[in-house]
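K.L.:
Listed in order, the protein sequences are those of chains A and B.
In this note's numbering, each number is its position in the first sequence, counted from 1, plus 234.
In this note's numbering, each number is its position in the second sequence, counted from 1, plus 234.
For the record, the hints were derived by calculation from the structure and aren't laboratory data.
It is possible that some hints are incorrect.
Since the list gives no way to pick one copy over another, a pair counts as held whenever it fits inside one copy or between any two copies.
[Stated by the list, open to error] Within a straight-line C-alpha distance of at most 27 Å, the following computed DSSO-like cross-link-like pairs (lysine-lysine) qualify:
#	residue 1	residue 2
1	K416	K443
2	K381	K495
3	K304	K496
4	K304	K466
5	K288	K246
6	K416	K346
7	K381	K443
8	K520	K443
9	K405	K520
10	K381	K496
11	K416	K246
12	K405	K495
13	K346	K304
14	K443	K405
15	K496	K244
16	K466	K381
Protein chains: 2
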Amino acid sequence: MEYAFNPVEKQKIIAIIGIGLIGGSLAAKIRVRGVFDHIIGVDNDPVHCEVALKMQLVDEIVTIQDAISKAGFIVLATPVDSMLHLLPSLLDAVTDQVVMDTGSTKQQICDKINGHVHRARFVATHPVWGSDMHGPAAARAESFENKVAVICEAGKSDPDAVSAVKVLYEKLGMRVVEMNPKDHDIHTAYISHLPHLISYALANTVLEKERKEDSIRSLASGGFDSATRLAKSSSNVWTPILNQNRDNVLFVLDEYMDELKKFRNCLERGNCGDISYLIEHANFIKEVVH
Amino acid sequence: MEYAFNPVEKQKIIAIIGIGLIGGSLAAKIRVRGVFDHIIGVDNDPVHCEVALKMQLVDEIVTIQDAISKAGFIVLATPVDSMLHLLPSLLDAVTDQVVMDTGSTKQQICDKINGHVHRARFVATHPVWGSDMHGPAAARAESFENKVAVICEAGKSDPDAVSAVKVLYEKLGMRVVEMNPKDHDIHTAYISHLPHLISYALANTVLEKERKEDSIRSLASGGFDSATRLAKSSSNVWTPILNQNRDNVLFVLDEYMDELKKFRNCLERGNCGDISYLIEHANFIKEVVH
Chain A
235 MEYAFNPVEK QKIIAIIGIG LIGGSLAAKI RVRGVFDHII GVDNDPVHCE VALKMQLVDE
295 IVTIQDAISK AGFIVLATPV DSMLHLLPSL LDAVTDQVVM DTGSTKQQIC DKINGHVHRA
355 RFVATHPVWG SDMHGPAAAR AESFENKVAV ICEAGKSDPD AVSAVKVLYE KLGMRVVEMN
415 PKDHDIHTAY ISHLPHLISY ALANTVLEKE RKEDSIRSLA SGGFDSATRL AKSSSNVWTP
475 ILNQNRDNVL FVLDEYMDEL KKFRNCLERG NCGDISYLIE HANFIKEVVH
Chain B
235 MEYAFNPVEK QKIIAIIGIG LIGGSLAAKI RVRGVFDHII GVDNDPVHCE VALKMQLVDE
295 IVTIQDAISK AGFIVLATPV DSMLHLLPSL LDAVTDQVVM DTGSTKQQIC DKINGHVHRA
355 RFVATHPVWG SDMHGPAAAR AESFENKVAV ICEAGKSDPD AVSAVKVLYE KLGMRVVEMN
415 PKDHDIHTAY ISHLPHLISY ALANTVLEKE RKEDSIRSLA SGGFDSATRL AKSSSNVWTP
475 ILNQNRDNVL FVLDEYMDEL KKFRNCLERG NCGDISYLIE HANFIKEVVH
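So that you can see chain A by itself, here it is in the shape it has in the complex (with noise of 0.2 Å):
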């Protein structure tokens, strides 16, 4: 008698290309929530593919190649260079996949594979939520819980694939909206690619200054703690973040420099009534964030 081989369903596995902090969080909640029954890892780096091999983010790590002919659901979650040199021959390979993207900016990636025969079983997407943490040993099940999810430009993507993405960011609890790339890309250098820029430019700043000088370390607080997290966050996904964003960036950060000569100008007059109107003004972004 012949065995019967009873493989997992195609629809109930998951390839996720990148197993960093956002392909390996996502991993994680997937387990948690069992929304596949099997998680496929791809990464070129080895040192990513043992940590999520031990944390049993992932089930077993393959090839690309053998990710796309085994999965239902592809996700490419890494840096977004390497996204624009893989979606076009990743498209080329797939069938009736579903293939999502996670990346920071999304005209570029858009541009990149409009018109492209698969485009359709493509869906544009970016979970808004990170680290300056990186990695797969930084990844963790909760980090999606109660965050948005963009998708951009849901028309140019067959419903039942925009709709997988939905279900599977929704079971991710998160809360999905739809927004194009344009405006998704300018609202993103304001609340994520300048305060990275800044936070940069501060440690370098201080650490240009102060090196040499035991008094950082001493006097560093809990404020200079929060204003310098982001400056821990890693070259290989922050550099084509701000470089594909180019233009959008150096429009925030034009306005945000001529920010910083209000108060400039202020200090050098001493008027501390426009410094108190400055400072009052930014106060309320305390109904923005909490």
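For this one, chain A is given, so just place chain B on it according to the hints.
P.N.:
Coordinates of chain B only, in the frame set by chain A:
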């Protein structure tokens, strides 16, 4: 027989002038550690007084004149502009009491009472801790634990006064370091005043452009929260700090803007190698803060 009135000894009474976040947190910790038997509060804000009494941060609220005559140890914990105004007349009135301040700027306060007949009863200090919260309701006994307290110009204070201040801070769980006012003010410009300024400017940049859209609320994530945490800090406290330390703040702000311009130039040229270099340099901040 005459009733033997047995008041608390003067040396066991501390008066805290300014029962806000800092004064209130000191009071809370002094209470927990039993450093003084009786805590007097002085504040010109009736809400602060009511909250401080209700939270039992202080045993009584009195006038500044009564506080000076009753207490053996006087802490000036008002905003730094009020300190400049209050300290000379406060020192006029002291006899053998110990007086210390808690201000985030040290040069102006030290200069202000240099040569005062009771200069030696004063110890210039800065317990290095803060929060974006303010007022006594935000006071926490654990705030100062394991933080640094700076003492400036210890040589201009009577040894018994310096010793009493050191004992107080050590009982509060702090590590005392000595520093001259010039070094203190430039170092705090880097690690505290500049971070506040850039957080205010970030908040204003985002509020200016995005307040008519709901996109911040939906997309703002952990990174934005930490980058704008300091922007919630009150103008009553921060306007006078920035103004008193304005030469140093302007100096470090210019250096900071130069660091931003380095990023701007690399971005404009799309020079990923140089962006990576700047980010990797900033990542060394990990060695400073954890």
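K.L.:
Compare the structure with each hint and give your call.
P.N.:
We went through each hint and held it up to the structure:
Proximity of K416 to K443 under the C-alpha cut-off of 27 Å is restricted to the inter-copy arrangement: shortest distance 15 Å between copies versus 39 Å within a copy. Proximity of K381 to K495 under the C-alpha cut-off of 27 Å is found in neither arrangement, the shortest distances being 34 Å within a copy and 33 Å between copies. For the homomeric pair K304 and K496, neither the shortest alpha-carbon distance inside one copy (57 Å) nor that between copies (46 Å) is at most 27 Å. With identical chains, the CA atoms of K304 and K466 are never at most 27 Å apart, being 36 Å at best within one copy and 50 Å at best between copies.
For a Cα distance limit of 27 Å, the shortest separation of K288 from K246 inside one copy, 22 Å, qualifies, whereas the shortest one across copies, 59 Å, does not. For the homomeric pair K416 and K346, the shortest alpha-carbon distance inside one copy (14 Å) is at most 27 Å, but the shortest distance between copies (55 Å) is not. With identical chains, the CA atoms of K381 and K443 are at most 27 Å apart between copies only, with a shortest distance of 22 Å across copies and 38 Å within one. In the homo-oligomer, the alpha carbons of K520 and K443 lie at most 27 Å apart only across protomers (16 Å), although the nearest pairing inside one protomer, at 32 Å, exceeds that limit.
Neither within a single protomer nor between protomers do K405 and K520 lie at most 27 Å apart by alpha-carbon distance, with minima of 30 Å and 35 Å respectively. Taking the closest pair of Cα atoms, K381 and K496 never come within 27 Å of each other, the shortest separation being 34 Å inside a single copy and 33 Å across copies. For a Cα distance limit of 27 Å, the shortest separation of K416 from K246 qualifies neither inside one copy, at 33 Å, nor across copies, at 66 Å. Taking the shortest Cα distances, K405 and K495 never come within 27 Å of each other, neither inside one copy (46 Å) nor across copies (43 Å).
When the C-alpha separation of K346 and K304 is checked against a cutoff of 27 Å, the pair qualifies only within one copy, where the shortest distance is 25 Å, while the shortest distance between copies is 76 Å. Taking identical chains as interchangeable, the C-alpha atoms of K443 and K405 are never at most 27 Å apart, the minima being 48 Å within one chain and 33 Å between chains. Neither within a single protomer nor between protomers do K496 and K244 lie at most 27 Å apart by alpha-carbon distance, with minima of 58 Å and 49 Å respectively. In this homomeric assembly, K466 and K381 come within 27 Å of each other (Cα to Cα) both inside a single copy, at 22 Å, and across copies, at 22 Å.
Going through the hint list in order, the structure does not satisfy hints 2, 3, 4, 9, 10, 11, 12, 14 and 15.
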